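Since each chain comes alone in its own frame, lean on the hints to assemble the complex.
Top line first, the protein sequences correspond to chains Y and X. Going by the working numbering, the first sequence opens with residue 6, and the numbers climb by one from there. Going by the working numbering, the second sequence opens with residue 167, and the numbers climb by one from there.
It is possible that part of the hints are untrue.
[To be verified] These stretches of chain X come out as covered by chain Y in the derived footprint (C-beta under 8 Å, 3 or more residues):
hint	stretch
1	214-228
2	232-245
3	275-284
4	376-383
5	431-439
6	504-518
For the record, the hints were derived by calculation from the structure and aren't laboratory data. Treat the numbers as computed from the prediction; the structure is a model and nothing was measured. By construction, the Cβ of each residue, glycine as well, lies at the ideal position given by its N, Cα and C atoms.
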Amino acid sequence: MNHLDLLTFARGSALNWALIIFVAGTVLRLFEIFGLSRKPDLARPRIDSPGSGWRTMFTRSIPPQGMLKRDPVTYIGGYAFHLGLFLAIFFFAPHIEFFRSISGLSWRALPSALVDASVVAAIVSLIVLLAHRLNNPVKRMLSTFGDYLAWTVTFLPLLTGYMAYHHLFVEYTLMLALHIFSVELLLVLLPFTKLFHTFSVFVSRWYNGDFFGRKGVAS
Amino acid sequence: MSATLAKGINAFKEVIDTPIASYFSSCVHCGLCAEACLFYNETGEEKYTPIHKLEPLRRVWKQEYTLLGKLGKMLGLSRPVTDEELTEWEPLVYDSCTMCGRCSMVCPVGNDITYMIRKMREGMSASGHAPEDMKSATTRAINIGSPMGIKWPAVQAQIKHVQAETNIEVPVDKMGADYLVLMSSMEIINFPEYLSAISRIFKQAGVSWTLAPDAFEATNSGIQIGSSDLAREIVSRIVVAAERLKVKCVISPECGHAFTAIRWEGPNLMGKPFCFEVKHILEVLDELHAAGKLKTKGKDKRPLTYHDPCQIARRGGVVEQPRRLLGEVAEDFREMPDAGVMNWCCGGGGGVSANSRAEPLRLEAFKVKKRQIETTGAHTLITACANCRIVMEEGMEHYHMKVEVLGLTELLAEYLVEGE
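The shape of chain X in the complex, shown without the other chains (with noise of 0.2 Å):
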C-alpha cells in the first residue's frame, strides 16, 4: 500500500463515528436515495446513487469496525480499498455530488447521506484523490487568501466604486462593529452590487458594521475538497478578525456553502464554539424588516420566482426569511414546484462549480432546475448565493433561456427608501 493511500485510509478510518456506522448498519440497499439525486434523475445512469458513491468507505467501516468484517479480511475473504478504486471513486465523491442534502431528507433510514460524503472527501483528498481544480482552488484559499485568488487591495477598488456610486463610507476594522460583513470571491468579481446594497441598507437602518482586510473571503475550499487541517486555517481568520474586532456578529454572505462553513462547521473546526454569532445576510435582513428597520417602497412588477440555495435552506433553515422579505418587493412571486426544503440544486454546489472536469456533468444535471424555472413562466429569478447565481446563469446561457439572475440582497436595495 502508497503512502498515500495509507494516509487516505487512515482518514476514512478516523471519520468513521457512531452515526456513519449507525447509516451503514441501516441501509437496506432500497436506491430511493438515487430518486432524490439531482446526477442521477438527470442522467439515469445508476452509479450516481448517492449511497453507491460511498461504497470505498463502506467498506473499509466493515473490515475495521466490525467483527464479521474484520473476520473476512483475517481470512483474506474480503477486497481491500485500492488506490484504483478511489481513482474510479473521486468522480463520483466530487464531480457527482454537490452535497445538496436532498438524498439526506429522503432515506427511510434516516441516512444523512451527504454528512458521509463530507466525511469520505477527507480520506479521498488525504490519499490524493481530489480533482485537480479543486486542489489549486485550496492552495489559493490557503496561499493567497481567496480561491479564486482575490486580495484585499481587489476588495479595496470595489469598496472605492462602491463609495463613489453610494457616497456612503464603507467601513474597515471598525473596532465594536455590531457586524463583520463577509463576501465571496465570487460576489467580489462578478457581483459588486452586493456590496453597495448592503451599504445602503444598513446605512437606512442604522447598523454599525465593518469589513476587515483579513478577513474578507466567506467561502471555505477547505471544507469542499475534504481537508479539515486547511478548513481550520481558513475559517480561522475569521474567527481572529471577529476576536480581534470585538463584533456581536458575522454575516455570511449570498453564498451556501460559506454558511455552512462558518454557521454548522466553523465552531466544530476550531474546537471551540464562538463568541459571536453567525448569521446569514438574508436573516440578518429579515430582523432588520420585522423590527421596521428595513423600509422599501413600491413593487417589482414583473413575475419572479426563487432558488432556495441547498445549504441555505435544506441545510441552514433558512427557508421564511426570503418569502417574507420577497413578499415586500414582489408583486408577482411564483414559488418553483418543490421549492423550500425539497428544492432542487443548482446543481455547482460543493465544490462543483470550481471542478471544470464535471462541468458536462453539471450542465446535464442542470436540465431539472431548468424544466423548474420554466414551470414557473418567469423570467426573473432571485436567490441568495453568488454561486448559484453564476452556475444557473451560465446553465440557462447553455440552454438559450431568457432569464434574469438577481440576489435578494440587491432586489431589496432597489426598493430602498433612502435619506428619511
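Extracted from the complex, chain Y is given alone in its bound form (with noise of 0.2 Å):
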C-alpha cells in the first residue's frame, strides 16, 4: 500500500467506521446517562428561576473569585487549550471544505497563519497541563491510564496536523493520512473516555445550574 492508498483508505471507509463509532457511541452514552432519570424536586423553589441551568451551561467557565489565582495554570491553559482546538477544528480552511462536503454547509475560514498560532498556543498548553498533572499531587493522584490516554489521543491530531501544514519529517501525503487516522482515533475513544465531557458538560453544568437556582443561588 503506498502512501496514497492509505490517505485512500483513511478518507474513505476508516473514517466512515470512525463516525459511526463516534455517533453510536456517543448515542448509547447520552442513553446511559438520561436512561438513569431522576425523581422530581417536589420542595417549592425559592424564586421562580427560569434559565438557571441553561445560564450556567456558560457562566461555569469563568472561574468563580479567587480560583484564578490558586490554579493559574489550570484554568489559563485550559482556556488556550480548549479555544486553540476550537478555532482550529472548526476554522481552519480544509476543514470548514471537509465540514462542507459532510454536510453542505460552510462558514468563513480565519487565515492560516492565526490557526497555526492557536495550534500552537494548543499543543504548548496540553504539555504544560501535561506536566501540571504529573507535578501537582492533587492532579497525579486522581489522574490514571484513561487521563494519559485522553491527553494522548488530544495531542496527536494537532501534532500532526501541525507537521501537515509544516511538511515536516515527513512526506506530505502520508503525513496527512496519519493525521486523519489520529482524528479517527480521537473520535472513537471520545465517547468511551472522559472527553466525552464535551458532551456530558452541558447536562451536569445544566444540573448544577438548576440545583442551585431553585434554592436562589446563582452558581
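See below:
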C-alpha cells in the first residue's frame, strides 16, 4: 500500500467507521446517562428561576472569585487549549471544506497563520498541562491510565496536523493520512473516555445550575 | 460479599441518577475541587480532594451503568468495591466533608459534588460504614426525639425560664397559629437566648406562633448519616405537627443543616409537596423588618462580622437578609473575605461536629475561619446557626482567640423597641 492508498483508506472506509462508532458511542453514552432518570424535586423552588441551568452551562466557564489565583496553570492552560483546539477544528479552511463535503454547510475560515498560532498555543498548553498533572500531587493522585490516554489522543491530531501543514519530517501524503487516522482514533475513543465531557459538560452544568437556582443561588 | 456490603452496594446503585451519571462522565480530574475544600486547604493532604471521596461510588456507577464498565466486570478486569475499601473511605466521606457545597460552586464541569456525597452516605450507612457517634446520635433522634437526647420536659423548663424572664407567654400547641417554631438541640441546651429573643420579637411584631411538644427538634441526623428512611421518620414529626396545628409556615431555627433537611429535603423525603411554607428564621425576621413590624433602636458600636452558615447561604439562598438586618443594628459591620455564597465552612457541618473522631481534623480545618475572622479585626462574630456557633466557639478557644459569638436573632432582640 503506497501513501496515496493509505490516504484514500483514511479518508474513506476508516473515516466512515470512525464516524459510525463516534455517533453510536455518543448516543449510547447519552442513553446511559438519561436512562437513569431522576425523581422530580418536590421542594418549592425559592424563586421562579427559569434558565438557571441554561445560564450555568456558560457561566461555569468563568472561574469563581479567587480561583484563578489558586491554580492559574489549570485555568489559563485550559482556556488556551480549548480555544486553540476549537479554532483549529472549525476555522481552518481545509477543515471547513471537509465539513461542507459531508453537511453542505460552510462558513468563513480564519487566516491560516492565525489558526497555526492557535494550534501552537493548544500544543504548548497541553504539554504544560501534562507537566502540571505530573507535578501537582492532587492531579497526580486523581490521574489514571484514562487521563494519559485522553491526553495522547487529543495531542496527536494537533501534532500531526501541525506537521502536515508545515511539511515537517514526513512526506506530506503520509503525514496527512496519519493526521486523519489520529483524528479517527480520537473520534472512536471520545465517547468512552473522559473526553466525553465535550457533551456531558452541558448536562452536568445544567443540573448544577438548576439545583442552585432553585435555592436562589446563582452558581 | 457480606450481607451488609451487598446492602450498601445496592444503596449506591439506587442513588445513582442522571445528574450523578453526568457528573462522573464529565469529571476531567482537574483537581480544582480540592482548592475549594477547607480540609484539603488546611492540611494539604490530597486524599481530601472532594471528587476522590466519591471513588467507590464512581466505580459502582461505572461497573453497573456503563457498557464498558459492565464488559470489564464480566471479564473480571474491574476491581469490585470491598468492605475494606469502604472502611478506608469512611473518614473521607464523613469526617472530612461538611457538605458545605464550596466544591460544587467551583467545579468547572458543574459537578454538584456535595449532592453526590449526600447520596453516597446512603450506601455508607447501609453497609455499616458510618461513624459510631453519628449512629448513636441518629438512634437518639429516632428513639428519644433529639440527637442530643433532649426531651420535651427540657424544653418546658426552658419555656418556664423564658416566661419568667420576659413576662411573655410562650404559646404551645396553639391551633391555627401562623408559625410553628422549631429549635435545635444545641439551642435548647446551650443557647436559651434564642427562645427568649423569638418571644420578644414576635410579641412586638404581633406574630401568631406556637411550639409543638411532638415537633420541637429541627435537626435531622438521618440526613447527615445518610439514611433516607430515618430522615423521613424524623421530618414526618414536623409535617404531622404542622398539619395538625394547621400552621401556615414552619420556621427553621438558627441551624444550617436543619434548614436543608426541612426546606429542601423534607418534601422529597415525604414524597409530596408541603401544604405549608418553610422559612429560615432570618427570612421571617427580614420580612417583619420590611413590613415595619420589627423596630429596633440604637446600634451596636463594636466592630461586628458575620459568618454565613453554608446551608443557609450557599445551599439555602439566604444571603442578603442577614446583611439587611445587621444594617439596622450594627454601626461597624465588616465583611470577611469570601463572605456570602463563597464563605468558608466552620468545619463542623454535615455531622462532623457530632463525630468525636473528627475533632483534631476539624480544629485543623478551622484555621481558615480563624484567618477570615482575624482579617476583619472584629472581636464580635454574628452567625445564624447554633452548630456553627458552638463549633466556632470551640475552635476559637483552641486557638486562644478572644472573640465573642452571638446569634443574629439574639442580637436583634437586644436592640428591640418593646412595649409600644
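Violations among the numbered hints, reported as their numbers in ascending order: 4
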